[in-house]
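Asker: Protein chains in written order, with our numbering: chain S, 610 to 723; chain R, 206 to 320.
Just so you know, these hints were derived from the structure itself, not from any lab.
Any given hint might turn out to be false.
[Stated by the list, open to error] Derived DSS-like pairs (lysine-lysine); straight-line CA-CA distance at most 30 Å:
1. R:LYS260 to R:LYS283
2. S:LYS645 to R:LYS278
3. S:LYS645 to S:LYS627
4. S:LYS618 to S:LYS662
5. S:LYS649 to R:LYS278
6. S:LYS650 to S:LYS627
7. S:LYS662 to S:LYS645
8. S:LYS647 to R:LYS278
9. S:LYS631 to S:LYS662
10. S:LYS662 to S:LYS647
11. S:LYS650 to S:LYS631
12. R:LYS275 to S:LYS650
13. S:LYS618 to S:LYS645
14. S:LYS650 to S:LYS618
15. R:LYS275 to S:LYS649
16. S:LYS618 to R:LYS260
17. S:LYS647 to S:LYS627
18. R:LYS283 to S:LYS649
19. S:LYS650 to R:LYS278
20. S:LYS662 to S:LYS628
21. R:LYS283 to S:LYS645
22. S:LYS618 to S:LYS649
23. S:LYS662 to S:LYS650
24. S:LYS647 to S:LYS618
25. S:LYS647 to R:LYS260
26. S:LYS628 to S:LYS650
27. S:LYS647 to S:LYS628
28. S:LYS627 to S:LYS662
29. S:LYS649 to S:LYS628
[What the hints assert, rightly or not] A few chain S positions that, by computed beta-carbon distances, are all more than 12 Å from chain R:
30. THR625
31. GLN646
32. HIS686
In this text, a Cβ means the ideal position worked out from N, Cα and C, and glycines have one as well.
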Amino acid sequence: DTEVTQTPKHLVMGMTNKKSLKCEQHMGHRAMYWYKQKAKKPPELMFVYSYEKLSINESVPSRFSPECPNSSLLNLHLHALQPEDSALYLCASSQAAGAPYEQYFGPGTRLTVT
Amino acid sequence: AQTVTQSQPEMSVQEAETVTLSCTYDTSESDYYLFWYKQPPSRQMILVIRQEAYKQQNATENRFSVNFQKAAKSFSLKISDSQLGDAAMYFCAYRSSDTGNQFYFGTGTSLTVIP
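Could you put the whole structure together from the sequences, leaning on the hints where they help?
Answerer: What follows is the structure, encoded as structure tokens:
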């Protein structure tokens, strides 16, 4: 199974709402990632979890709050977002060490902030 | 941080022809991993091909092959017998073997396949 799943597929939220994005993988990967992607642009790294600990935070605003409850799950909690936060949010996973070295991506959550 | 450069924002190819997408990277490391990812419109990002820097042999996956020039820090992707389904954004990516869990992406090349 080389699948990363993400829910929901689409999300529309107002600037005062609180919502969460969810990501799950069952490949035994111990590194998990959140990216933000705008149209026709590369993914921008937001957070990396390695062995369920936050290892990289790319100076993301505090209105984005990641959580890694266990080795298979990754959440992104959203609060008081701005319209410019509208984007595709991608989750990915990889081995934290050793082969294979590539990332596997989920299909993404298309977020619209109104 | 490592930088990955894709100098061709857009490319087009006739169906059944061959196209080469360019990627260069900047690193002081000797061991690392390189990847090409494909993202079709409104679809999932998938791995096309990978190359370990310690391997001299260029990677090949069916119609996709790379030209890896370690000294020149170049990693181009050749797509042979192009098909309509090859139309997508293509991203080159780099992963260090030391700092491990961070991937660096190029800016992408949008490939159009002309029937």
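Asker: A separate judgement is required for each hint: does it hold in the structure or not?
Answerer: Do the hints match the structure? See the list:
Under the criterion of a C-alpha separation no larger than 30 Å, the hint pairing R:LYS260 with R:LYS283 is consistent with the structure, at around 18 Å. A threshold of 30 Å between alpha carbons decides the hint, and for S:LYS645 with R:LYS278 the separation of about 27 Å falls inside it, so the pair holds. Proposed proximity of S:LYS645 and S:LYS627 is supported: the alpha carbons are some 18 Å apart, at most 30 Å. Only pairs whose Cα atoms come within 30 Å are accepted, and S:LYS618 paired with S:LYS662 is accepted, the gap being roughly 26 Å.
Restraint check for S:LYS649 and R:LYS278: satisfied, since their Cα atoms lie roughly 25 Å apart, inside the 30 Å limit. A C-alpha spacing of about 27 Å is found between S:LYS650 and S:LYS627, which places the hinted pair at or below 30 Å, so the restraint holds. Restraint check: the Cα-Cα separation between S:LYS662 and S:LYS645 comes to about 20 Å, which is no more than 30 Å; the hinted pair holds. For a cut-off of 30 Å, the pair hint linking S:LYS647 to R:LYS278 stands: about 28 Å separates their Cα positions.
The suggested pairing of S:LYS631 with S:LYS662 holds, with an alpha-carbon distance near 17 Å, which does not exceed 30 Å. Between S:LYS662 and S:LYS647 the CA atoms are separated by roughly 27 Å; this keeps the pair inside 30 Å, and the hint holds. A C-alpha spacing of about 23 Å is found between S:LYS650 and S:LYS631, which places the hinted pair at or below 30 Å, so the restraint holds. Note on R:LYS275 and S:LYS650: the hinted pairing holds, with a Cα-Cα distance of about 26 Å set against a maximum of 30 Å.
This hinted pair checks out: S:LYS618 and S:LYS645 have alpha carbons roughly 14 Å apart, not beyond 30 Å. Our distance criterion of 30 Å between C-alpha atoms is met by S:LYS650 and S:LYS618, whose separation comes to about 19 Å. The hinted pair formed by R:LYS275 and S:LYS649 meets the criterion: a straight-line CA distance of about 28 Å does not exceed 30 Å. This hinted pair does not check out: S:LYS618 and R:LYS260 have alpha carbons roughly 39 Å apart, beyond 30 Å.
Distance restraint check for S:LYS647 and S:LYS627: the Cα-Cα separation of roughly 22 Å lies within the 30 Å cut-off, and the hinted pair is therefore satisfied. About 21 Å separates the Cα atoms of R:LYS283 and S:LYS649, which keeps this hinted pair within 30 Å; it holds. Our distance criterion of 30 Å between C-alpha atoms is met by S:LYS650 and R:LYS278, whose separation comes to about 23 Å. For the suggested pair S:LYS662 and S:LYS628, the alpha carbons sit about 22 Å apart, so the restraint of at most 30 Å is met.
Between R:LYS283 and S:LYS645 the CA atoms are separated by roughly 28 Å; this keeps the pair inside 30 Å, and the hint holds. Among the hinted pairs, S:LYS618 with S:LYS649 is consistent with the structure: their alpha-carbon atoms are about 19 Å apart, no more than 30 Å. Simply put, S:LYS662 and S:LYS650 have alpha-carbon atoms about 28 Å apart, close enough for the 30 Å limit, and the pair holds. Taking the CA atoms of S:LYS647 and S:LYS618, the gap is about 16 Å. The hint holds against a cut of 30 Å.
Between S:LYS647 and R:LYS260, the direct Cα distance comes to roughly 34 Å. Violation of the 30 Å bound is thereby established for this hinted pair. For the proposed pair S:LYS628 and S:LYS650, the alpha carbon gap of about 25 Å is at most 30 Å, so the pair holds. Distance restraint check for S:LYS647 and S:LYS628: the Cα-Cα separation of roughly 20 Å lies within the 30 Å cut-off, and the hinted pair is therefore satisfied. A threshold of 30 Å between alpha carbons decides the hint, and for S:LYS627 with S:LYS662 the separation of about 23 Å falls inside it, so the pair holds.
Taken as a hint, the S:LYS649 and S:LYS628 pair is honoured in the structure, with Cα atoms around 26 Å apart against an allowance of 30 Å. At roughly 29 Å, the least C-beta separation between S:THR625 and chain R is larger than 12 Å, which holds for a residue marked as non-interface. Against the 12 Å criterion, S:GLN646 falls within the reach of chain R, whose nearest CB is about 9 Å from its own CB. Listed as outside the interface, S:HIS686 is consistent with that label: its C-beta sits roughly 22 Å from the nearest C-beta of chain R, beyond the 12 Å cut-off.
Comparing the model with each numbered hint stated earlier shows that hints 16, 25 and 31 do not hold.
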